[in-house]
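Protein chains: 4
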Amino acid sequence: MQRLKMGMVGGGEGSFIGAVHRRAAALDGEIELVAGALSSTPEKALRSGRALGLPEGRNYASWEEMLEGELALPEEERIDFVSIVTPNHMHFPVARAFVRAGFDVICDKPLVHTSEQALELVRAVEKAGTIFCVTYNYTGYPMVRQARHMVRSGMLGELRKVIVEYSQGWLVRRLEDEDKQARWRTDPSLAGAAGAIGDIGSHAENLVATVTGLRISEICADLTTFVEGRRLDDDGNLLVRYEGGAKGVMISSQISTGEENNLSLRVYGTEGALQWRQEEPNHLLFAPFGKPVQTLRRGNPYLCEEARAASRLPAGHPEAFIEAFANLYLEAAAAMRARRGLSPERPPDFPTVYDGARGVHFIERVVESSRSEKKWLDA
Amino acid sequence: MQRLKMGMVGGGEGSFIGAVHRRAAALDGEIELVAGALSSTPEKALRSGRALGLPEGRNYASWEEMLEGELALPEEERIDFVSIVTPNHMHFPVARAFVRAGFDVICDKPLVHTSEQALELVRAVEKAGTIFCVTYNYTGYPMVRQARHMVRSGMLGELRKVIVEYSQGWLVRRLEDEDKQARWRTDPSLAGAAGAIGDIGSHAENLVATVTGLRISEICADLTTFVEGRRLDDDGNLLVRYEGGAKGVMISSQISTGEENNLSLRVYGTEGALQWRQEEPNHLLFAPFGKPVQTLRRGNPYLCEEARAASRLPAGHPEAFIEAFANLYLEAAAAMRARRGLSPERPPDFPTVYDGARGVHFIERVVESSRSEKKWLDA
Amino acid sequence: MQRLKMGMVGGGEGSFIGAVHRRAAALDGEIELVAGALSSTPEKALRSGRALGLPEGRNYASWEEMLEGELALPEEERIDFVSIVTPNHMHFPVARAFVRAGFDVICDKPLVHTSEQALELVRAVEKAGTIFCVTYNYTGYPMVRQARHMVRSGMLGELRKVIVEYSQGWLVRRLEDEDKQARWRTDPSLAGAAGAIGDIGSHAENLVATVTGLRISEICADLTTFVEGRRLDDDGNLLVRYEGGAKGVMISSQISTGEENNLSLRVYGTEGALQWRQEEPNHLLFAPFGKPVQTLRRGNPYLCEEARAASRLPAGHPEAFIEAFANLYLEAAAAMRARRGLSPERPPDFPTVYDGARGVHFIERVVESSRSEKKWLDA
Amino acid sequence: MQRLKMGMVGGGEGSFIGAVHRRAAALDGEIELVAGALSSTPEKALRSGRALGLPEGRNYASWEEMLEGELALPEEERIDFVSIVTPNHMHFPVARAFVRAGFDVICDKPLVHTSEQALELVRAVEKAGTIFCVTYNYTGYPMVRQARHMVRSGMLGELRKVIVEYSQGWLVRRLEDEDKQARWRTDPSLAGAAGAIGDIGSHAENLVATVTGLRISEICADLTTFVEGRRLDDDGNLLVRYEGGAKGVMISSQISTGEENNLSLRVYGTEGALQWRQEEPNHLLFAPFGKPVQTLRRGNPYLCEEARAASRLPAGHPEAFIEAFANLYLEAAAAMRARRGLSPERPPDFPTVYDGARGVHFIERVVESSRSEKKWLDA
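Protein chains in written order, with numbering that gives the first Met the number 0: chain A, 0 to 378; chain B, 0 to 378; chain C, 0 to 378; chain D, 0 to 378.
With the rest of the complex left out, here is chain A (with noise of 0.2 Å):
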C-alpha cells in the first residue's frame, strides 16, 4: 500500500495537539509526514522541522509557502492533504486556501471562528470535492461506534434523556502568564468567542450527535468565568431540548478541581440505557430495561462491525486515546484513497466540514443564550 503524503501547519515546539496528529497519522503505517510548516513563527517553523527530520525543500517558514511549495510540485509528488493544528483563529484561512487548491483536509476543531466562516468552508470544500475531516476525536474511540450501532438499531427504544459532561480541572487557578495551552486557548482573539464550551463543550455536542443522532432544537445556558481576570467562561451547565422530545444536560468546566480529561455520556431510552467514559474507553455499559446491566468491552466478538473494525488489539490489552485519534486518521485517509479510486467508496466515518460547521453553530448560540434573560433560544 502506497503511504498517503501528510503535510502539517502548526505542531511545532512547545504544541500539545502537534504530537498527537503525528503519533496517530504514524500508528498504522499508512500516512507519511513529508512536510511541514509547524509555527506561525518561521524561525520557530523550521527549527521544529529540523528536529522532527522533514526533509530540507519541504520545511517551510510558513503555510503560505508551503502552499505555494507543494502547488510546484510534480502532482505526484505532492501532500496528499494537510494537517491543521494551529490555535484556533488560523484554521479558517489556512483551511480555506488549502481547499480551494484542491487539497484534503483534516483540521483540529473547533473548525472555525464563526458560522459566516464555516458557511464558507463548508461552501468551498463542496465545490472543490475534497476530503475534509474535523478531528472531533473521541467519535473515534470502538465503543462509541459500538454505542452509536447499539442507538441506531433500536435496543435503547425511544430516546428520552441525554447527560453529557466534559470535566476538567486544569484551570481551576490562572495559568495564563505560564502555560502556553493556557494562555492562547483564553485569548478570544486566538480560541474564539468560547473558552471551555468552545473547547471541550462542542466535543460534547459532538459526541452526543454523533452517538444519538439526536440535533438540539433549543438551549439554555449559564456560563461564567470563575477565575479572575481570565477572558473567556471556564464553566458552562446548559438544559438542553433535542428535536423528538428528549431533553438533557450538558456540563463542559475547566475548573471542575480534580477532574482530569472526563468526557462521559449517559443515554436513557424507553427500552435501555448507555453509559460511557472516556477516562475509561475500553468498555460500555448497556442498561436493558429490566435486565443486569452489561458490560461490553472493546477487542470482543459480540461487539459491531464498526467497532471491531476500530480496534487494533484483542480485548484486554487497552487501546486509547491515540488509536482513537488515528482511527479518524484512517478513516480520512480512506476516504482520500477512494476520491483518488485508488480503493472503493464507502460513505465517510470521520466527522465533517458539517459537524465542524455544526459545532461553531453551537457555541455561538450557547454564548448568546448565557447572556439572554430568556430562558431558551432555539439552537
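Hints may be right or wrong, so weigh each one.
[As the list claims (entries may be wrong)] DSS-like, lysine-lysine: derived pairs with alpha carbons at most 25 Å apart:
#1 Lys290(C) with Lys290(A)
#2 Lys4(B) with Lys4(C)
#3 Lys179(D) with Lys126(D)
#4 Lys290(B) with Lys179(A)
#5 Lys373(A) with Lys290(B)
Derived from the structure by calculation, the hints contain no laboratory data. What you are looking at is a predicted structure, and each value in this text was computed from that prediction instead of being measured.
With chain A's structure known, arrange chains B, C and D on it following the hints.
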C-alpha cells in the same frame, strides 16, 4: 437505658417506608414500637398492627384515635414520639395535631404540600418546643457527615460548582395501575404538586444544603412528564445558582432506565473536590488540588468525629441504608432525651422542621420555574 | 407473630461481635433479647446487662447461672435459644451445655478448637434434635445466595477454578498489648490453633463450600507469622484441590496493609464465571462464556427466589453486613419455629453444626499442611 | 534526529504480535522499518513484506537471507537492529545469529526454550557488547515505573506479600485446530515446555521482579491442563517465597472464563501497599498505612520522573498497551544511540537478556515443581 416509646402513623400493609422506619428504630435497641395507626383504612390498620404484634389496646384504627388514646394514658406510659410514614398529604394534619399535643415527631419527607402548611407547622413546633425530625435520610450516612466536615473545615476552599443527581428508573413505564407506590406518588392529591422533583429531587436539595451549607439563590428548571397519562413530572433538570456565587446542576429523574437509586453528589472548590454516591455509600472521594485522589472509607480512624460516631462497624464491614436511617432516629432520640432532661443538651444533628420547610419551598419554586418563560427565578 | 426469646452468652463491654448479633437479632422484630451472661467476668457481665436494659432477674453473672436460671423458669417463659458470642475457647462448653439442655443455639465461628470437640457437639445436636446455627455470616448476603443458585443451576457449567481471598490489614503491626480483639485473637488458648486462617480463612472456606458445593480434597498451605512475637499465623496462602478436579487458591491475611475486610470470591466454570466482593456486597458479576459481563444487583426481579427473599429493600437502597447477619437469624428463627410446630418445616438455609465441624477440620488440616514437608495433604 | 533502521523477523500474515511491534516502533517517529523476513514460509514472508510496503530488495524470504543481505550492505545502510517476533522456538537461532553478527536485538518473550540456550545467548550478548531488549512489555507502563519507584524509595517499608495474577479466558475451549495463535502456543515444539505459565506467567514473574526487586527463592507449583487433548498447561497456581522473607501467590491461567488480559499486581509492605491492573493501566492504587488509599493517575506532576518521562499525553487522556510497548522501543533505541555515541550513556531501562534468561529459568523451575512431590523447590 430506658427505651423511648414510639407510635407510628401509616406504614401498614404494602408500605415500603414503614418497615424501613421500624427497622431503623429497632436497630440500636433504644426505641420500642408500642402503638400505631398503621393505615387510613381502619380494618387494614388493625390487621397491620396485629401482624406486627402491637399490644391490642394500642393498635389504633385511626391516627385521631391514637392521639386521643395516648393522651388518655398516664404521661409515663404514653408514646414519646410519633413516626409519620403516610403518603405525603397526611403529613400535615397528623404532624400538626401531634405537635400541638406536645409529642415529638419524626416525619417523612417532603414535609407538607405547601409553604403555607410548612409555615404553620414551623410555628406549631416553635410554640410547642418539641423535637421534629424530617427523614431526609441520606444525610445520616457517615460519609455524608465526613463530607460536610471537610467542606466546613475549609478543605475544599471556596466552593464553585455542585453537581447533584438523583436518578431512578422505576417509573420508566406506566406502573400507576398496578403498583401502590407508583399510584400515590404520581397522584397530585396524595403526593403534592410535584412528582420526581418532590419525591427525590428534594433529597438532592437537602443533601447539597447539608454538605455544603449553600443556599440556592436562583433556579432555572425544566420538568417533564415522559410517560403518557402520568399526572406529575417524572424527570427534571435544573440549573442552580447559589448564594455566594457557586453554580451547579441538579438532576432528578424516575425514568432513567437502568438507574436504581443513584443519588450522587459532587462538590468542586478552589482547593479540592468531593464525590459521594449513595449506592456505594461506604466511601467518599476527595481530590485535593494537585494531589492524588483519596478514597476515604467509613470506619477508619482518620475520619472526623461525626463520621466515626455515626458508624457501627469496623472498616470493610459495610453499612448501608438502614444504618443511615437509624442515625436520624438515634440523633432525634438523643434530642428527645435531652428535652426530657435525661441527657445533656446538644445541637440537633438531623434535618429539622426548618429543613422540611425549605424543601417544600424548593419544590414549589422548581414547579413554578418549570412553568415560567423567565430564565431565572429567585429561590 | 410471637417473638422468639434470645439469651446471649458473651458480647459485653468491649465486644465487637456481640453488638452485631444483637442488631441482627433486633432488625426484623422477630426476636427479643431477654436474658444474658455477657462476660466471663461476673461484674462486667452484670454491668453490661444493665447497660442493655436486661431485666434484673435474667441478667446473669455467668453462663452456668443463666442455664440454671432459665431451666428454672416455666417452659413458655424460658429463652428459646442462646446466642454464643464469646471468644472461641468458650464456644464448646457453652454450646454443649445448652444443646444438652435442649436449647436451640446460634454460635459464632470457628465452632470449637478441635475436631474431637466438633464431633462431640455434632453428636449432641443430633441427639437433642435442636437447631444449631453457626454464624458464617457472609453466606447470608443475598448475592451469595444468587451465586449459589447460579452455580447449582448449571449456569457456570463444570467448575474449574476457585480463587478466594480474605485479606485484612488490621494486624499489620503488633496490637496485642493495646487492643482487646487483637489480644484474644492471637492467643492460642483463646483463639485456637490458628490465627488468621482460623478467624477469617474459615469464612473463606465456608463461602466456597456454600456457593459451589465443592469439597476440598487436598491442601498445600504456607502459613506465616510476620509480626514479631505474635503467637499465631497472621498470613496464609493455600493451593487447593477440590473433589471432582477443580483447583484453586485460598488467601487469608491480616497483615495486608490497606485491606479492610476484603473477602472476595471468583468461580470459573466452563460456561461462565462469577465474582463477588464482600465490601461491595450488593452486586455480583457474572461472565457468561463469550458474552458481556453482567452486573447482577440486589433487589431486582431478575434474581432467584432465595436472593429476593433475603432482601429487605428495593434495588439501589444498599443493604450490608448487618442485614446479611440478620438473614442467618431469620432463617434459624424460622427453623426454630418449625421445630415448635409454629410454622411449616423447611430445609435449613443457614450454616449448621456440620458446617462448623467442617470448618474446624479445615483449620486443623491447614495448620498441619503448613508444618509439613509433604506437598499435598488430604483434606 | 536520525531514525534507527529496524528489520523484523516473523510478524507476517496472521501474526498478532508483529503488528504490535511495528506500531510500537512507529509511534514516536524515531524508528523506521526498512527490512524484514516476515515468515518462515518464504512465499508468505514476501507477500507480507509487500503488503507492508517493504523495499523490494530488503523484503527477504528468510531470516538467513536477511542476515546475509544486510551484512552485504554498506554499514551505514544496514539495519540498526532486528526485532524478533516469531513463535518462541525461533527466538534462539535468530537472536544468536544476529547478536553474533553485531546487531542490536529486540526479542519477544519467553526468550528461548531452555536455560542452556539462555546462557549461550547471554554469553553471546556479553561478547558482542550489543543491546538486547526482551519485550516484557508490561514493564513499559508509566504506572509500573511509578510503582517501582515507590517500592525502591521505601514508601512501602519492608515488603511482606505479593499477589500477582495473569488470568485470561481465551483458551477455555479447544481452539487449537482453528486458531493460529492457539495452535502454536499449545505446541511444545514451538512454544516450549510450558503453556500458560510460559506465555503469560513469565510476564507475571517479570512484573514482580521489576516492581519489587524481589527474587524468588522457593516455588511450589500446581499446573493443570484442563482442556482435553491440550498438550501444555492452561492453568497454574503457585506459592512463592522470596529472598528476604516476603511470600506470595502467583496465578496464571488461560481458562478463566470471562477474563481478558487480567494482569494484576498487589504488593503489601509494612508501611504501605500498591495495586495495579493492566486492563486499567492509567492508575495505581497506593495505600499508605493508616491513611486513605490514593489513586495515582498517569500524567500528573506528582509522579516520579521515570513515570512522567514514560508518558506522552496529559492526565485523563488515556494511554495504553501500545504506548507501553513503545516505551521499550524508545528505551532500547536510546541505548542503541548511546552505543553508537549519538547520545549520552545511561543505564538500560528495559528488560535485558538477563531478565529473559531469568524468565526461562523461572518457567523451567515451575514446570519441575509442578511435577514434583516435594513441597518447595529452590528457584
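(request) Starting from Lys290(B), check that the Cα of Lys179(A) is at most 25 Å away, please. (result) holds (22 Å)
(request) Sort out whether Lys290(B) lies within 25 Å of Lys373(A), counting only the CA atoms. (result) violated (41 Å)
(message) So if I understand the rule, the pair passes when the alpha-carbon distance is 25 Å or less; does Lys4(B) with Lys4(C) pass?
(response) holds (20 Å)
(message) Check the hint pairing Lys179(D) with Lys126(D) against an upper bound of 25 Å on the C-alpha distance.
(response) The hint is violated at about 36 Å.
(message) For a C-alpha distance cap of 25 Å, please report whether Lys290(C) and Lys290(A) respect it.
(response) holds (14 Å)
Violation of the numbered hints given earlier is confined to hints 3 and 5; the remaining hints are satisfied by the structure.
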